[in-house]
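Asker: Given only the sequences and the hints, what does the whole structure look like? Please build it.
Protein chains: 4
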Amino acid sequence: MINRFLRVRENSEQICKPLFIEDYSLQASEFVSPPKWHLAHSTWFWEEFLLTKYDINYVLYNEDFYFLFNSYYNNVGKRVLRPSRGLMSRPSVAEVYSYRKFVTEAMVRFLNTNLTEDILAIIEIGINHEEQHQELLVYDIKYILGNQPTFPVYQDSFKTKLEIQAPNFIPIKSGLYKIGHQGNSFCFDNELGIHKVYVGDFEISANLVSNRQFIDFIVADGYKNFNFWHDDGWSWINNNKIESPLYWHKIDNEWWNYTLSGLVKLDLDLPVMHLSFYEAFAYSEWKGCRLPTEFEWEIASDKFQWGQLWEWTNSAYLAYPGFSKVAGALGEYNGKFMVNQMILRGGSVATPEGHSRKTYRNFFTPNMRWQFSGLRLAK
Amino acid sequence: MINRFLRVRENSEQICKPLFIEDYSLQASEFVSPPKWHLAHSTWFWEEFLLTKYDINYVLYNEDFYFLFNSYYNNVGKRVLRPSRGLMSRPSVAEVYSYRKFVTEAMVRFLNTNLTEDILAIIEIGINHEEQHQELLVYDIKYILGNQPTFPVYQDSFKTKLEIQAPNFIPIKSGLYKIGHQGNSFCFDNELGIHKVYVGDFEISANLVSNRQFIDFIVADGYKNFNFWHDDGWSWINNNKIESPLYWHKIDNEWWNYTLSGLVKLDLDLPVMHLSFYEAFAYSEWKGCRLPTEFEWEIASDKFQWGQLWEWTNSAYLAYPGFSKVAGALGEYNGKFMVNQMILRGGSVATPEGHSRKTYRNFFTPNMRWQFSGLRLAK
Amino acid sequence: MINRFLRVRENSEQICKPLFIEDYSLQASEFVSPPKWHLAHSTWFWEEFLLTKYDINYVLYNEDFYFLFNSYYNNVGKRVLRPSRGLMSRPSVAEVYSYRKFVTEAMVRFLNTNLTEDILAIIEIGINHEEQHQELLVYDIKYILGNQPTFPVYQDSFKTKLEIQAPNFIPIKSGLYKIGHQGNSFCFDNELGIHKVYVGDFEISANLVSNRQFIDFIVADGYKNFNFWHDDGWSWINNNKIESPLYWHKIDNEWWNYTLSGLVKLDLDLPVMHLSFYEAFAYSEWKGCRLPTEFEWEIASDKFQWGQLWEWTNSAYLAYPGFSKVAGALGEYNGKFMVNQMILRGGSVATPEGHSRKTYRNFFTPNMRWQFSGLRLAK
Amino acid sequence: MINRFLRVRENSEQICKPLFIEDYSLQASEFVSPPKWHLAHSTWFWEEFLLTKYDINYVLYNEDFYFLFNSYYNNVGKRVLRPSRGLMSRPSVAEVYSYRKFVTEAMVRFLNTNLTEDILAIIEIGINHEEQHQELLVYDIKYILGNQPTFPVYQDSFKTKLEIQAPNFIPIKSGLYKIGHQGNSFCFDNELGIHKVYVGDFEISANLVSNRQFIDFIVADGYKNFNFWHDDGWSWINNNKIESPLYWHKIDNEWWNYTLSGLVKLDLDLPVMHLSFYEAFAYSEWKGCRLPTEFEWEIASDKFQWGQLWEWTNSAYLAYPGFSKVAGALGEYNGKFMVNQMILRGGSVATPEGHSRKTYRNFFTPNMRWQFSGLRLAK
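Protein sequence lines correspond, in order, to chains U, A, C and P. Heads up: the first sequence begins at 1 in our numbering, then just goes up one per residue. Heads up: the second sequence begins at 1 in our numbering, then just goes up one per residue. Heads up: the third sequence begins at 1 in our numbering, then just goes up one per residue. Heads up: the fourth sequence begins at 1 in our numbering, then just goes up one per residue.
I should point out that these hints are in silico values taken from the structure, not numbers from a laboratory. Being a predicted model, the structure only gives us computed values, none of them experimental. Worth double-checking, as some hints may not be accurate.
Just so you know, same-sequence chains aren't split out, so a pair can sit in one copy or run between any two.
As the list claims (entries may be wrong) - Cross-link-like lysine-lysine pairs, in silico, PhoX-like; alpha carbons within 20 Å at most:
1. 159 <-> 17
2. 178 <-> 196
3. 196 <-> 173
4. 287 <-> 379
Answerer: Below is the structure:
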């Protein structure tokens, strides 16, 4: 456990290695957090839910930090409002790293004591929480750098690769299936409530849709024909003048793509990424197919390889039967988002190894696309 | 069919009888349409989908109207943007009635000819379409009058009554149920795709929640405790300073209520109405219960009386398996809204008689509450 | 005095004669008031400042109206916020006319009693106040009708005519001039504080700029060259996509103009109207001239004919030396606007006869152009 | 000249010495620019207006910088929109300093050549331009640090001191005065157009209003009585919930003040600073006095000491008679702002030595108060 804990702490910092000091405090959009904030908030979590509660010798690193790096946990006190996260040049990056060091060391001492099952369960959540912030860090770093006029290079990592293109559609038989996380390994509360779901016959693609395939949609004026779009999606593309996936740039009639390795020519064979739900849905409509439901995806997921990109499903994020929120701040983790969000399944090249599983329920509002999201067809 | 057609046309006008000329052109909020617009748009529908298409002798009443009273049908041409509907004092109310008369008479002549099955199906849609606008007319009239400083009286109609308070919860057995409209009678496209759904054991209340019960939630500071709310709901009540259902006013420490009969003391025994999904959900959380899913509601609906108020369910509005949009403008009717909306089931005192049925899927975004909406608990 | 009072009351109603009932309650923009509101507010003024204060027998027509038709007078109590004026379909138009009748009759009885100088002074203000609302009524009616898709005709009145085109520039000698209203006749408080102003030699045009001349500016890409514009003006034309004066429409490469007589071809010989200060300034820059100051205008005004359109000057609206606000609500009339506004001098075809004079100081924010405003060059 | 140039370049960097790398890229509000941007933009100015135009050997440091650090000069090409200045973490701070060094050295070489009068005049403007950005740097640094939850200390500099409190009002005789910059020394174009202005008898205070005096206004509910405020000012304080000067914090019933030395108890004897025009005007109304005009200020300025804080006048920023814009980008410097701004006269502790003079016309929109602004009464 100590090794796993240390590895997670180390990984968060590795992700920030290629950054300049100047990059750490920037909030490029309301939905993006500065890297510094991720590093500090994932540290605060250990203070808040473990050290201050169960380690009687623990003294806070800094009272201010305890206040500043709280996130959406309404039960823990007055939060720093999200949009102002990007206005904090202080504490400095160096001090945030020193805060991390202080808490990591305190945690190591704490982990060396006798811990109850309950405490071990919270540590498991803390590790998974920090892993989630690692993935968000990658999204946010890409957004921060990718929206600057000079398109700076991060490093040559988190790359997708070609999907094998055959066989195309995998048939699945109708039946009553068991949905939800089984067994004793860790899962989030929203995966629980194992329950039966009846699913009719369907087919699901073995591969993600590629850039080449998505360009066909653009060329066919897919972004200009409302018949493929939800009413809200149509407003969204028109209000935001959206005509291609995020990070695509048409220069001299050729498609270029901002990647973590910089601005490069679009690789047509790679899976299309940075799609909103609206765009994924519109593509599937145009193609005469549809998106799978999250249940179909879970049932079929043993039949294909997944994990390059999170995959939009046509399921809204709702509670499983019997779901109930944990009391207190940890209960805010997932339950309070169960409206206005669509489910994504799978994982991405930015997901920490071992973090996801086939029952994992990721979710975003349908207009979000800075996450590493793609699209698999069903019919 | 002619009689039914004439009755529907007559009913729309009856609803507007108590209005002053001044009331007809007002758009009290972006989501509200002026009564004049409803009268004209439900007339335009007959012109657009029947007379101009199938009656070769038909000459448009007025080219401008054909343009002005189109609604959300992206396939029919450039629309008048919604928010500016309330800036049209012209055409006059008198002229809109004359437009109605002209089209009704043309339709009667048309209905007296030999009509194919296809045409009869569109007429059926037209009747249901106008009925929907009748219900919207009631909502919009209430909103227009209820937001004026003088609280004008409309008339003494569309009133709810006491729900019988026993027995409280009805138990339903788990099993695989058939969902969706069966038989040959009319239904909307979104009710089709009959399919099996597995549902676990559950209980559902025989009665809607009453004003008296809802006041308990307010008194218990339900509007001030985020643990009962979705994150989006919490933002919504705080940004809009919402502390009670719509049309409630606390005057000298007593609850008053704007009704179509004017401003009256709140009747504690009536079902609570004008709730958003967020409020219905928060109430059920506070009560230790939950909202039924739309499937549970449909399965149980034979066991209780319904129809006073539309009932929020915890189901998002999504396509049934096998759903496909009709080609062309009629296909825009329901399909394009299948995101970001929650399902309501049942009907209301403002629903035209015979318009609804147990498979009927009504839907609104979770913040809407000017519609006649209430709440039934499940567990 | 009684006759003058009755004539003013009658004129307000004459202006509304061509309206439909539907037109009276509409608020086409935040800066526009519904005609019904003008009729009621100019009536409320007599109640508030005379009848309730000096006529001990007077009983309010309606307590609600006393609240509803107050305008910007912060000293009189809680106002109806400006933007919601257009959401009041009640009281009805008929009732507003009956309110007018009631107050007019009460005033006639009051005017037949012995009145002090102080009271007569307030009556004079009341008459001038109602005249100002008559002019605003014309602006607002034009805006309400002119922004509807059917371009309804009001009536054939308030028309400008050709300006005599020679001689062009009138030279004025430098010197120390007396500025401000002199004599005992009525004027507004902002015209007082007679004071000396030194003005250098200048020349001022005998004529307003014509539509024909303004088209030259458009053709020369005047709206596209920021060198002619203030920084704020440049933002304003770009944010609002402004490429011509208000009410101009380019149809099939010809300029059409919405007038109170309907949509007609632009008459090139008439003075250009419905300009913002920004546009007037930009034109003068392009022409290598400038706008006169309000002092230059006042000094030169005996040398040319004025009164067709209000004329933008390059003077900001500021207090004259020695200006002081009247105590109480009447003091709010002019003083509180003395920032962020530019001065217009003269009068317009919509100004009631005898209302303006050469020392009259009209003012609007520099982006306003629904008023009847034009432009005279100086150098 | 070389020494003066080098001193100015050095001073800009001295001001940034106390900053952390993290502070340089932050844009705390739309009207604030990141320190990095000031350093780079004041460097770009030398490239744009001198090196690229008159030094044939000069090669741009970096083509991107030439684009990125342009400011409001519409004549020079596409600008980086102001609000996104704070989203540029790249180029790094180190690179901006190296850009400065490169350009400074190129300028030194250039200054050692034979320069025409015209070129020397542009150099003079460049020096004054960089001095203006030094003052803005101080404002922006204070705003960036003063809006962070930890109230970081900058350094103990730019401090005001006590004003001598007697004699209070200085009488000035009426007469015809000459206004505008005289002589051959440098001034901005907006100070030119020497002209005569007639001014009546007036009195002006020898001292700025102090914090102690301003607290009397707050205690007397000055922020809650609209009679002291312009209509726009009243909206501004209500919409922004303003109840004290900027950087004041009431903690446990005592006034604290964020200063460049950190959060300290308010020193009652110092001049009140960080006032908007609206607040300065309201105070003077409450006091039964008024603000001086810019002409009165200029005429009286030899009779009192000034230079601690910029002083709001009751004059709008308008062109002097005969003013004309320089052709090209340099002409955008002052002329395009001559609307919607009020004049401040004097100088502040943040003004570089020798930069201001009695004819200097500073200006801001009436709601701005992050600049070092105070208030002197007249009557």
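Asker: Mind listing which of the numbered hints don't hold for this structure, in increasing order?
Answerer: The structure breaks none of the hints.
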